[in-house]
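Trainee: First to last, the protein sequences are chains A and B. Take the first sequence: its letters are residues 1 to 187, numbered as in the numbering used here. Take the second sequence: its letters are residues 1001 to 1159, numbered as in the numbering used here.
There could be a bad hint or two in this list.
[Said to hold, decoys possible] Under 10 Å between C-beta atoms, here's a sample of chain B residues computed to sit facing chain A:
#	residue
1	S1011
2	P1012
3	D1013
4	E1025
5	C1033
6	A1047
7	D1064
8	H1104
9	Q1132
10	L1139
11	A1141
12	S1158
[Unchecked claim] Simulated DEER-style distance windows between Cβ atoms:
#	chain 1	residue 1	chain 2	residue 2	range
13	A	P26	B	S1158	45 to 55 Å
14	A	A73	B	A1124	41 to 51 Å
15	A	A149	B	A1124	38 to 48 Å
[Stated by the list, open to error] Which chain A residues stay away from chain B? Per the calculated CB distances, all over 12 Å, these:
#	residue
16	S4
17	V5
18	A38
19	A49
20	V87
21	V95
22	R99
23	K106
24	S107
25	Q109
26	L116
27	K118
28	P119
29	A145
30	V154
31	G182
If you are wondering where the hints come from, they were derived from the structure by calculation, not from laboratory data. Yeah, the Cβ is synthetic: ideal placement off N, Cα and C, and Gly gets one too.
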Amino acid sequence: MISSVRLKPLNWHPYIAPVELSEATPEQLEAMKVTPSAKKVSEYVRTLAHDPESYLARTILFNAIMYVEGGLARPDRELGALGASIVNGCKFCAVVHARRHAELTKSDQVVTALYLDKPEVLGPRDAAIYSFARRLSAAPSEATADDIAALRSVGMDDREIIDLIHAISIFGWANRLMHVLGHAESG
Amino acid sequence: MDAMDKAAGLSPDDALFAARRFRPEFVQGAEECRVSVLQPANDQGLAPNLRVALARRMAALNGDPVLMAEYDVQLAQLGPTEELLALAQGETDFNEPLATIVRHVDLITMTPKKAEAGHIALLAKAGLNNPQIVALSELIAFVNFQTRVAAGLRLMRST
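The task is simple: from the sequences and hints, build the whole structure.
Mentor: As structure tokens, then:
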């Protein structure tokens, strides 16, 4: 039995000056869905609001991929996100989605195994998802037909696999924003 | 058929084409994202032909001949300069700011783990303002999303 890894949330800070709400354009405010009198909009949102069109479009897609009802179970989406974030080196994203996986499954066994780099202790379903997440996140992708076969062999249907591909791929996106435009700090 | 169907080689009579439509939010969302980084209403001073040339370069880095061919076609329609054609083909010898931009694009596509504060400082030093730094980051991130979804769907289709 391995003892649990305790992951504390990290804070994210940008390398560039975020948009100040007092100076935001109407389009930026609309993208951030705030009024100028709002006090708290995260630095991350205000950083991406420099380009409001892409921020708005990506936020809508991201929320659909991670939270839409039905299809792939939420913890499986989080595991895909975590696998991508580990490969891409986004510590902030990895901690957020590891914690979410632990909350959703009411267990930190999977997260502990991954943080201790012991994927061999995962059950077959988690192992298939995690392995695919890692291989699809490589540049170029190293995923093969065997990965899809492994997902099918643990009972995943086409709709679930499509959901998983999107969860992994949207972190190919998110990691390249959060780890590139800023850095994570503890406490 | 949309850009992702074309990239993945899906036609309307494929079972996978229908399975993709189980998630209209993903289909429409991915297309709106594509427009937001490749044909934005406000390009922040990063012209559409530069964006498509960079997308072609990143498709090649991701080993995706289908998307390479697609972006080649798009680039040819946008009046590319010799310089942009060379950039799209993966060459590295450019004047600023393109030299810094392509180094950044290559690094973040291939090894995002290695990104540091200094890389953003280099973009600023090459003359990119904050909206341009964010818009470039979103473009890089999108193409890396697009190539992975396409790769995953192609694997599903082949098995």
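Trainee: Just want to verify: A:S107 was marked as not at the interface with chain B; is every Cβ pair farther apart than 12 Å?
Mentor: Since the minimum Cβ distance to chain B is about 28 Å, A:S107 lies beyond 12 Å and the statement holds.
Trainee: Hint check: is the beta carbon of B:C1033 less than 10 Å from a beta carbon of chain A?
Mentor: Result: holds, 5 Å to nearest chain A Cβ.
Trainee: Closest CB-CB distance from A:V5 to chain B, is it above 12 Å?
Mentor: Answer for A:V5: holds, closest chain B Cβ roughly 20 Å.
Trainee: The hint names B:S1158 as touching chain A; please verify it with the least Cβ-Cβ distance against 10 Å.
Mentor: 6 Å, holds
Trainee: Does B:D1064 meet its interface restraint, that is, does its C-beta lie within less than 10 Å of any C-beta in chain A?
Mentor: This interface hint holds because 7 Å falls under the 10 Å limit.
Trainee: When you look at the beta carbon of A:S4, is every beta carbon of chain B farther off than 12 Å?
Mentor: 26 Å, holds
Trainee: So, as I understand it, the hint says B:A1047 touches chain A; can you test that by seeing if any CB pair is closer than 10 Å?
Mentor: 15 Å, violated
Trainee: Min Cβ distance, B:H1104 to chain A: is it shorter than 10 Å?
Mentor: Nearest chain A Cβ about 9 Å off; hint holds.
Trainee: Non-interface claim for A:K106: all C-beta distances to chain B beyond 12 Å?
Mentor: Its Cβ never comes within 12 Å of chain B, the nearest being 27 Å, so this holds.
Trainee: Take the C-beta atom of A:P26 and the C-beta atom of B:S1158, compute their distance, and say whether it sits inside 45 to 55 Å.
Mentor: Given range 45 to 55 Å: holds, Cβ gap about 47 Å.
Trainee: Please verify that hint: B:D1013, Cβ, nearest Cβ of chain A, below 10 Å or not.
Mentor: Since the shortest Cβ distance to chain A is 15 Å, the answer is violated.
Trainee: Would you assess whether A:A145, listed as outside the interface, keeps its beta-carbon beyond 12 Å of every beta-carbon in chain B?
Mentor: 5 Å, violated
Going down the numbered hints, you'll see the structure goes against 1, 2, 3, 6, 19, 20, 29 and 31, while the others check out.
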